[in-house]
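Number of protein chains: 2
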Amino acid sequence: MQKRQMHLGVFLMGFGHHLASWRQADTPADSPEDIDFYIDIAKTAEQGKFDLLFVSDGLSFNERSHPSELVRFEPLTLLGALSIATKSIGLAATATTTYNEPFHLARKFLSLDHLNKGRTGWNVVTSYYQGEANNFNQNDHMKHDERYVRADEFVEVVKKLWNSWETDALVRDKATGTYFDQKKLHAQHHEGRYFSVAGPLNTSRSKQGEPVIIQAGSSEQGRAFAAKHAEVIFTAQQTIEEALKFANDIQSKAVEHGRDPSKVKILPGVIPIVALTEEEAWEKYNELQDLIVPEVGLELLSEYMGGFDFSQFDLDGPLPTELPEYNGNQSRKQLIIDMAKREQLTVRQLYQKIAGGRGHRLIIGNPEQVADDLQLWFESGACDGFNLLFARYPGGLDDFVELVVPILQERGIFRKQYSGETLRDHLGLDVPSFRTEKQVSNQTFV
Amino acid sequence: MQKRQMHLGVFLMGFGHHLASWRQADTPADSPEDIDFYIDIAKTAEQGKFDLLFVSDGLSFNERSHPSELVRFEPLTLLGALSIATKSIGLAATATTTYNEPFHLARKFLSLDHLNKGRTGWNVVTSYYQGEANNFNQNDHMKHDERYVRADEFVEVVKKLWNSWETDALVRDKATGTYFDQKKLHAQHHEGRYFSVAGPLNTSRSKQGEPVIIQAGSSEQGRAFAAKHAEVIFTAQQTIEEALKFANDIQSKAVEHGRDPSKVKILPGVIPIVALTEEEAWEKYNELQDLIVPEVGLELLSEYMGGFDFSQFDLDGPLPTELPEYNGNQSRKQLIIDMAKREQLTVRQLYQKIAGGRGHRLIIGNPEQVADDLQLWFESGACDGFNLLFARYPGGLDDFVELVVPILQERGIFRKQYSGETLRDHLGLDVPSFRTEKQVSNQTFV
Chain Y
1 MQKRQMHLGV FLMGFGHHLA SWRQADTPAD SPEDIDFYID IAKTAEQGKF DLLFVSDGLS
61 FNERSHPSEL VRFEPLTLLG ALSIATKSIG LAATATTTYN EPFHLARKFL SLDHLNKGRT
121 GWNVVTSYYQ GEANNFNQND HMKHDERYVR ADEFVEVVKK LWNSWETDAL VRDKATGTYF
181 DQKKLHAQHH EGRYFSVAGP LNTSRSKQGE PVIIQAGSSE QGRAFAAKHA EVIFTAQQTI
241 EEALKFANDI QSKAVEHGRD PSKVKILPGV IPIVALTEEE AWEKYNELQD LIVPEVGLEL
301 LSEYMGGFDF SQFDLDGPLP TELPEYNGNQ SRKQLIIDMA KREQLTVRQL YQKIAGGRGH
361 RLIIGNPEQV ADDLQLWFES GACDGFNLLF ARYPGGLDDF VELVVPILQE RGIFRKQYSG
421 ETLRDHLGLD VPSFRTEKQV SNQTFV
Chain S
1 MQKRQMHLGV FLMGFGHHLA SWRQADTPAD SPEDIDFYID IAKTAEQGKF DLLFVSDGLS
61 FNERSHPSEL VRFEPLTLLG ALSIATKSIG LAATATTTYN EPFHLARKFL SLDHLNKGRT
121 GWNVVTSYYQ GEANNFNQND HMKHDERYVR ADEFVEVVKK LWNSWETDAL VRDKATGTYF
181 DQKKLHAQHH EGRYFSVAGP LNTSRSKQGE PVIIQAGSSE QGRAFAAKHA EVIFTAQQTI
241 EEALKFANDI QSKAVEHGRD PSKVKILPGV IPIVALTEEE AWEKYNELQD LIVPEVGLEL
301 LSEYMGGFDF SQFDLDGPLP TELPEYNGNQ SRKQLIIDMA KREQLTVRQL YQKIAGGRGH
361 RLIIGNPEQV ADDLQLWFES GACDGFNLLF ARYPGGLDDF VELVVPILQE RGIFRKQYSG
421 ETLRDHLGLD VPSFRTEKQV SNQTFV
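Residue numbers (full-length UniProt numbering), protein chains in the order written: chain Y, 1 to 446; chain S, 1 to 446.
A portion of the hints provided could be inaccurate.
Which copy is meant is left open, because identical chains are indistinguishable; a pair holds if it fits in one copy or across any two.
Computed list of lysine-lysine pairs in DSSO-like fashion (alpha-carbon distance at most 30 Å, straight line) [what the hints assert, rightly or not]:
1) 416 <-> 207
2) 284 <-> 174
3) 43 <-> 174
4) 49 <-> 87
5) 416 <-> 87
6) 43 <-> 87
7) 333 <-> 117
8) 117 <-> 43
Read the hints as simulated data drawn from the structure, not as lab findings.
For reference, chain Y alone in the conformation it holds in the complex (with noise of 0.2 Å):
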């Protein structure tokens, strides 16, 4: 019998998540806005038979932000590029229901997944930022928990106009001139307490029914939310304990929303350093987290904190205990701070650890070590896979495909060929039956 199957994301973001990534001599620094860049690493990941591509999104620039993201693709444009770009490996992309409207990224989702014929991911943010209040028409951020009584009202409706039109509803009959059947089309009418949407969605079902449903956010509200609709989720875990304890959480709840948990598929992002040797490994890493500035570093600590000014602080002193109230990315901050606790950071430390992977696990060995860990996460129960970021690329990329994805692939973990043609199929995930309106509203799970 087959063994059961690690599923491997690529979290996609320009040259790298490391900090100073860019500014390694041969990094291509304006790699977040070119595209011959993306399609080459898509290519790779796809060669290195991944189950997805992942890009992150924001609506507001930000100077503190990790550089790659201060000026890049808009995710839903770029997507509908590597659709064609790649052949088989799923492609999802971060939106937020904060500053949207159902109605478009119902459509705009759909039509990725006609574009490369299901193989769409939709990863479901609330947005974290103040900034992205002003870019429309807000003063003030919309706060943590209203933020997802809205986002499960969006992601309702969203799944409404996706059941807009059954499989078979488009006849088109060249005899009788009948394009559709008026009877497999339904309006799916919303009427709630953030939207109002008349329907039907102008884009059919695809191949895979919908896209995947993902979601990342570890707060307590995140968790409800994932329960309930994701069917990944990425999150960030430093130890297999508190995975462990992570995955019951999420498991549990999602078999009182009547779901079957083995359909909730766990990432936890990992940031793999690997190359021939360990001590080679540490070299790369060493070399990158040489070019960090320390202004920036800080500057980024201080964005995950709420924007809190540490230069009032001894950088090489333990983390304040008192840090500010935060209206944005509860867990992310939580979970810098679990950290610093439990290694003993200091503040300098920090900076220098989160700049790597912004509060995700480093993984730094040679192959088998790295393939080891992975494994052992794996096999504990601890997860379903990992969301790779990698610290550099296509450097980080290629070394992992040449040399960790083999050892899995022969120890019967990872597939050597795509088995199905959707992100559902690589994934393990049954395809949505078609439901009513009502069906979705009272959150019927197939």
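With chain Y's structure known, arrange chain S on it following the hints.
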């Protein structure tokens, strides 16, 4: 000296603009959601050295719509794909200012302009249909005049956002770790009647500076808007006299805005049906006309007349003189009424006529006849070229590229090769200089 050059666009529309084209045996009826079909067409148009491809859009489903519009790709994701499937041709799409936010559209179009390296155009529309309001939390569609006031401010915000980054703002100095020059980044804050947008945009200036602005409204407000903002104007004109009048009006209004009227390119729509002989061309046309389902033709006419019910009238009598007020596409309605009067058409003849190309001018003939007609209009000064609507794809486009383009090229009025790389290059439009927030507000055109 080189003769004045004609500009040619191709208006994509699934299987074609003729209402019944999908019913022909060899037409792929599912093409409105088939990316491989679109890629083939795009490549043919590029072989034909056309200036641009254009896709229209609508944000609601309407069963009375043209069948190619019932379900279809969302244009911006589609253009993402076509951006890398083509190398030279311009790529333009419709997006409405009534049900969008300027930050989103500014970003998506500029992102596309990076994906295709400066070949993007945005056709600004204000939406026609009540159904769109109902998909966006609103009971009533905004009134025609107010829509244009909003559109004017919307475009102003978009242009400000497109000028967030000066061309050389991203210094990416690896030695010092300076990614961008703060002095060359401009927030371009906007505070107006409809929009409050802090900026800046998180996408840099593109190769052609800014995407090309296209506009298609021919109402009084539409013309005023076009004269102020548009660099390309799509229009429907049935006679040279009307077209000349339209062009003169636009040009004099453009001058009032301090613009160079030669930088406003007017492209009337035409539907060329061409074959080796005139007789064969008419056969092609009649074959399509015979496939029109009468009810469907009448519904399309009704749709264009604001939902007016013709069933109470004699189909073989004249168009009723009293038609209801209509808050939709005013100029198309008027154009159809004028055509019915001028050609003394019955209701039946009228719907048959618009079935082919929705109010656009049909040219049916052999290659010389079609080329003569286009040349006559072009050289009379009535237009700068044409937006070509093919009755059926791919056949209609294939015929035109094979039979008509070489004649226009031989006559020295159409390019044999692309001489530039961007859409602005093709159209002979300058790259706009960087403009401050205030310069954009003052409508300082370059």
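So which of the earlier hints does this model not fit?
-> 7
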